[in-house]
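> Sequence:
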Amino acid sequence: MAQVLSLTATLCAAETHKASSKPLKLAKTSRETKTKTPIYNPRKGSGSSFNKIRKQNLEVSPHRAVSAVRLMRIELGGAFADLLNEKGKGSGDNEMGYVERTLGFRTRELEDRDLRLVTDIVGGTIRWRRYLDYLICSICHDDSTFRHMEPLLVQILRIGFYEIIKLDMPHYAVVDENVRLAKVALRPGAGNMVNGILRKLALLKESNTLPLPKVEGDERAQARALAILHSHPVWMVRRWTKYIGQEEAIKLMTWNNSDPSFSLRANSAKGVSRADLVMQLNSLKVPHELSLHLDDFVRIQTGMQIVIQAGLLKEGLCSVQDESAGMVVSVVNPQPGDRIIDCCAAPGGKTLYIASQLSGQGMVSAIDINKGRLRILKETAKLHQVDGVITTIHSDLRIVAEKNPVKGDKVLLDAPCSGLGVLSKRADLRWNRKLEDMEQLKNLQDELLDAASILVNPGGVLIYSTCSIDPEENEERVASFLLRHPEFSVDPVDRYVPPDFVTEHGFYSSNPVKHVLDGAFAARLVRAS
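If you read the sequence shown in the UniProt record's numbering, its first letter stands for residue 1, the second for the next number, and so on.
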């Protein structure tokens with residue numbers, strides 16, 4: 001759920017609809033990250049006087065230094081693919097602090113253009129990691145050489161490869177800048193290696209002879225080749241090919257690798273209309289287009305940093321929320337006077353949107369196991385002027401259901417899921433998921449559905465939603481639930497969302513390729529009176 005106060009909940013999570021990975025073990029990356037080699041390896045003989053000299057280096061490209069350090073932090077589990085802090089400001093100072101602590105020096109300060117480049121390079125390098133690593137290994141002619149490279153050296157090479165292959169930056173500039181970073185941050189020999197590898201890449205690209213795999217052979221071989229060419233885990237390629245066919249799987253991966261667009265929701269509870277928001281965007285010269293599906297939403301492809309720096313989020317005038325998530329709220333159909341329970345509420349995007357629809361009448365009980373994120377939800381609710389209709393409950397949903405302190409006419413379970421519908425926004429998520437996660441998630445989803453059903457009043461509605469496009473997390477979970485709970489039946493969603501989003505079984509489903517939105521799912525399940 002999109003949240004206005006943290007980038008984890010705006011650009012990075014960007015309405016991930018509980019694409020949770022916390023209860024699950026993270027998948028190993030393509031390289032072994034548990035290396036004994038230090039992240040920063042100063043030259044031999046360096047002492048305190050040398051470190052003082054190195055405190056600031058104006059020759060090193062700031063956006064490349066920040067990108068390399070951030071990529072290491074992401075891969076080692078210490079950061080997200082964002083560059084904004086919880087106050088909605090560019091975190092250039094914070095990033096330069098990480099550079100200094102990791103590399104031993106600072107560069108010149110980051111300008112707005114640098115921040116945009118970092119966002120582009122970090123997100124793109126993460127998305128294309130498998131593809132980039134394949135090319136690096138091919139040019140090195142030795143997988144062992146690549147596996148034993150220092151983490152920083154690997155990130156510098158990935159950045160250089162991404163800049164040359166995907167950003168079409170001038171080869172001479174990419175080589176020069178990344179060689180300089182390797183020499184200063186590591187040692188001259190590392191710079192020489194970067195120089196040789198990047199120059200070889202440039203020659204191969206110019207001659208159109210990049211060593212890429214061919215999509216041929218049996219299904220496994222084709223999946224492996226496609227996984228490299230489109231930079232996804234093999235298991236995802238095989239799974240999507242199984243369910244939607246190879247052609248559609250390629251289209252989906254192409255979408256996942258594209259630059260994400262974002263939607264802004266005007267905060268009607270604070271008296272802000274979409275027309276007001278459009279006027280603000282026009283004054284900021286941020287290109288935008290109106291949502292075709294939701295009256296409060298505006299879509300932007302670029303200019304998010306401008307929106308944030310202008311204070312629109314910080315002042316509560318709007319929220320970052322994908323239209324696919326907004327239509328889940330449409331499926332809930334909140335009305336003034338309703339008693340609604342949001343079972344896995346934090347960080348609160350849907351909770352806030354639901355509350356804004358109540359016109360100050362009714363109540364939303366927001367349950368979540370994460371106390372810190374509930375606190376943020378409460379603060380944001382006050383900012384959005386909907387705190388009068390939101391009550392937070394810090395608890396595991398399964399425990400709440402046992403104690404049964406609350407009942408609702410409408411109960412939303414926005415369940416923890418794989419997040420396979422939001423991979424364009426969550427650049428790192430594809431590498432943090434493994435096939436084994438799916439079974440764990442399905443078991444958890446079943447448990448949470450059973451618990452949520454206890455909270456539904458007779459004649460009330462249970463809404464089950466995910467940000468996944470996987471039928472095993474969506475339709476199959478609903479079918480399994482209905483077998484266990486015959487007192488519930490499907491209420492078709494055709495009264496609440498446009499026909500193009502209604503499946504043959506009466507569920508809501510958004511498809512990234514078809515609808516140019518995040519992938520999402522929702523089902524309305526009515527309890528017998």
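The hints are simulated quantities; they were obtained by calculation from the structure and are not laboratory data.
Check the hints yourself; a few may be wrong.
Simulated restraints on C-beta separations [to be verified]:
| hint | residue 1 | residue 2 | range |
| --- | --- | --- | --- |
| 1 | 59 | 143 | 43 to 51 Å |
| 2 | 484 | 211 | 22 to 30 Å |
| 3 | 480 | 234 | 26 to 34 Å |
| 4 | 396 | 335 | 36 to 44 Å |
| 5 | 215 | 494 | 37 to 45 Å |
| 6 | 214 | 244 | 46 to 54 Å |
| 7 | 169 | 224 | 47 to 55 Å |
| 8 | 407 | 213 | 51 to 59 Å |
| 9 | 254 | 292 | 21 to 29 Å |
| 10 | 108 | 212 | 32 to 40 Å |
| 11 | 214 | 172 | 28 to 36 Å |
| 12 | 112 | 59 | 36 to 44 Å |
The beta-carbon is built from N, C-alpha and C at its ideal position, and this holds for glycine as well.
> At the C-beta level, are residue 484 and residue 211 separated by a distance inside 22 to 30 Å?
This hint is violated: roughly 52 Å between Cβ atoms.
> Taking 36 to 44 Å as the hint, is the beta-carbon distance of residue 112 and residue 59 inside that range?
21 Å, violated
> Kindly confirm whether 51 to 59 Å is satisfied by the beta carbon distance between residue 407 and residue 213.
Holds - the Cβ-Cβ distance for residue 407 and residue 213, about 56 Å, lies within 51 to 59 Å.
> Just tell me: holds or violated, for the beta carbon distance of residue 214 and residue 172 against 28 to 36 Å?
Since residue 214 and residue 172 have Cβ atoms about 31 Å apart, the given range 28 to 36 Å holds.
> Is 46 to 54 Å right for how far apart the beta carbons of residue 214 and residue 244 are?
At 22 Å between Cβs, range violated.
> Do residue 215 and residue 494 keep their Cβ atoms within the hinted range of 37 to 45 Å?
39 Å, holds
> Measuring from beta carbon to beta carbon, are residue 396 and residue 335 in 36 to 44 Å?
Violated - the Cβ-Cβ distance for residue 396 and residue 335, about 29 Å, lies outside 36 to 44 Å.
> When you take the CB atoms of residue 254 and residue 292, is the distance between them in 21 to 29 Å?
At 22 Å between Cβs, range holds.
> Is it true that the C-beta distance of residue 169 to residue 224 lies inside 47 to 55 Å, as the hint says?
29 Å, violated
> I want to verify a distance hint. Is the separation of the beta carbons of residue 108 and residue 212 within 32 to 40 Å?
Given about 37 Å between the Cβ atoms, the range holds.
> Please test the hint of 26 to 34 Å on the beta carbon pair from residue 480 and residue 234.
27 Å, holds
> Does the Cβ-Cβ separation between residue 59 and residue 143 fall within 43 to 51 Å?
33 Å, violated
The structure is inconsistent with the numbered hints 1, 2, 4, 6, 7 and 12, although it conforms to all the rest.
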